[in-house]
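J.: Since chain A is already given, all that's left is putting chain B on it; use the hints.
Protein chains: 2
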Amino acid sequence: MNTDNRPLILVSNDDGYEAPGVHELIRRLIPYGEVVAVCPDGPRSGQSMAITVNEPLHVSELPDFMGAKMYKVNGTPVDCIKLAMHVVLRGRRPSLVAAGINHGSNAAINVVYSGTMGAVFEGCAFGIPSVGFSLTDHAHDADFTPCLPFIDRISREVLAHGLPEGMCLNVNIPNCGHVPEKMRVVRACKGNWSDEYKEYTDPHGRKFYWLTGKFENLEPNNRDTDEWCLSHDIVSVVPTLLDRTMPLAEAPSWLALLEEPEE
Amino acid sequence: MNTDNRPLILVSNDDGYEAPGVHELIRRLIPYGEVVAVCPDGPRSGQSMAITVNEPLHVSELPDFMGAKMYKVNGTPVDCIKLAMHVVLRGRRPSLVAAGINHGSNAAINVVYSGTMGAVFEGCAFGIPSVGFSLTDHAHDADFTPCLPFIDRISREVLAHGLPEGMCLNVNIPNCGHVPEKMRVVRACKGNWSDEYKEYTDPHGRKFYWLTGKFENLEPNNRDTDEWCLSHDIVSVVPTLLDRTMPLAEAPSWLALLEEPEE
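Chains as they are written, first to last, in the numbering used here: chain A, 122 to 384; chain B, 122 to 384.
So here's chain A without its partners, still in its complex pose (with noise of 0.2 Å):
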């Protein structure tokens, strides 16, 4: 194992440790530190912060890539940092944790499901600076050449400034065709999954559904949203947090009557 003084680079995914995105992911990093990837064993897409209780975890060493090593898991994407943070390291703490290259878009509402940003969030609640990469391409093969320099210099930028406490970066990157010549510095977009399931019936009559579904943006024309700049070929940073609780000041004032007794 490497042991000079470059950062130590943590890399993981939803899609799993065979998946074309995270080998993508790992070859632009390469150049910026020692890097060591813990993926889950196969596809863990929609995992969310989802975490293992009831069954045995496994590490299992893999055969390095490009000089990186891999280890895999027979959990989640939150598993894999948790068990990268207390069992791989062994105490040594990652300056990065870049998760993806994600198939698939993780925009709008998708940050909340995606597995992906769920190792994301699980690097921010170690308190390191941590960073999801996602393309807007479902497909197994899909070109990853648009995300390239958009890695370097997000990564490069992080390792340099850090991240504050609690906020992560959500990066996603248009399947245009071409490396997007825009990026920006946006919210997530209101929208709603509808259409969800598609059902069936089964050879005994049965019903059975398999989630499916069409995301509608709730404002189109908003341009400070990641859904318009990615249906406009520019790259999406949406800087999210970890803590969810919502400013005190801004909740509903009748909350606080339930401080009051009881009449």
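The set of hints was computed from the structure by calculation and includes no laboratory data. Everything numeric in this text was worked out from a predicted model, so none of it was measured. Misleading hints may appear alongside valid ones.
In this list, chains with the same sequence are indistinguishable; a pair is considered to hold if it fits within one copy or across any two.
To be verified - Once the Cα atoms are required to be at most 30 Å apart in a straight line, the calculated DSBU-like pairs of lysine-lysine come out as: (1) Lys335 <-> Lys193; (2) Lys319 <-> Lys335; (3) Lys328 <-> Lys193; (4) Lys311 <-> Lys335.
T.: Quick look at chain B alone, frame taken from chain A:
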């Protein structure tokens, strides 16, 4: 099915439809409306906002409980809310999503891992006033009596006032052996889990790991946190946001430089 004009209340949890906590919650909500419960078919603790994307989901009707319709789903708490909204309720909108009573605390950082709060966030994503109730006792046979007056009071108030868009409530009740005298609106405490894995060796000499850990309160003397309340026999109510975007005005200034063309 009851078709009068009482409010429709959707109940879920992460401990599964057989957990005593959800039965207590249903029993307590029956006086306030028509209750429909859609719960996982077994324990789903720590599932956060995970969704099931690569497997079919089944919804099975169970015998009514105390006059409430009950269904089980072979998925996560978020799956339960989505299937309730798209399939079980057939277009009817609940006035309240209530999740719990969770067997165990969801205070501090636990809110982000909690499957119970996952159901609450999903209710919030549908624009429905949503509240999670948790008792700080993991026991299957925990005494839920301390929770009951607070479920009454908060549910009544939320049914009367609603909640602002994108905001939900994380309510934790201390297991102090009596009904707490006070309730406070506070923020999630800063803290981390440490020593998170117990290490084992299998019969073949391979190591494996099981999640455990110890919560470390990083601000034990701050009275405006949920952990302080719980350790002082006070019920905590944390107004919590679905959207995790950092207010852009608070983002570090160097981030804006990412928007400039690279030199």
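J.: State for each hint whether it applies.
T.: Verification of the hints:
{"no.": "1", "hint": "Lys335 <-> Lys193", "verdict": "between (32 Å within a copy, 25 Å between copies)"}
{"no.": "2", "hint": "Lys319 <-> Lys335", "verdict": "within (12 Å within a copy, 42 Å between copies)"}
{"no.": "3", "hint": "Lys328 <-> Lys193", "verdict": "between (36 Å within a copy, 14 Å between copies)"}
{"no.": "4", "hint": "Lys311 <-> Lys335", "verdict": "within (14 Å within a copy, 37 Å between copies)"}
The structure is consistent with each of the numbered hints, conforming to all of them.
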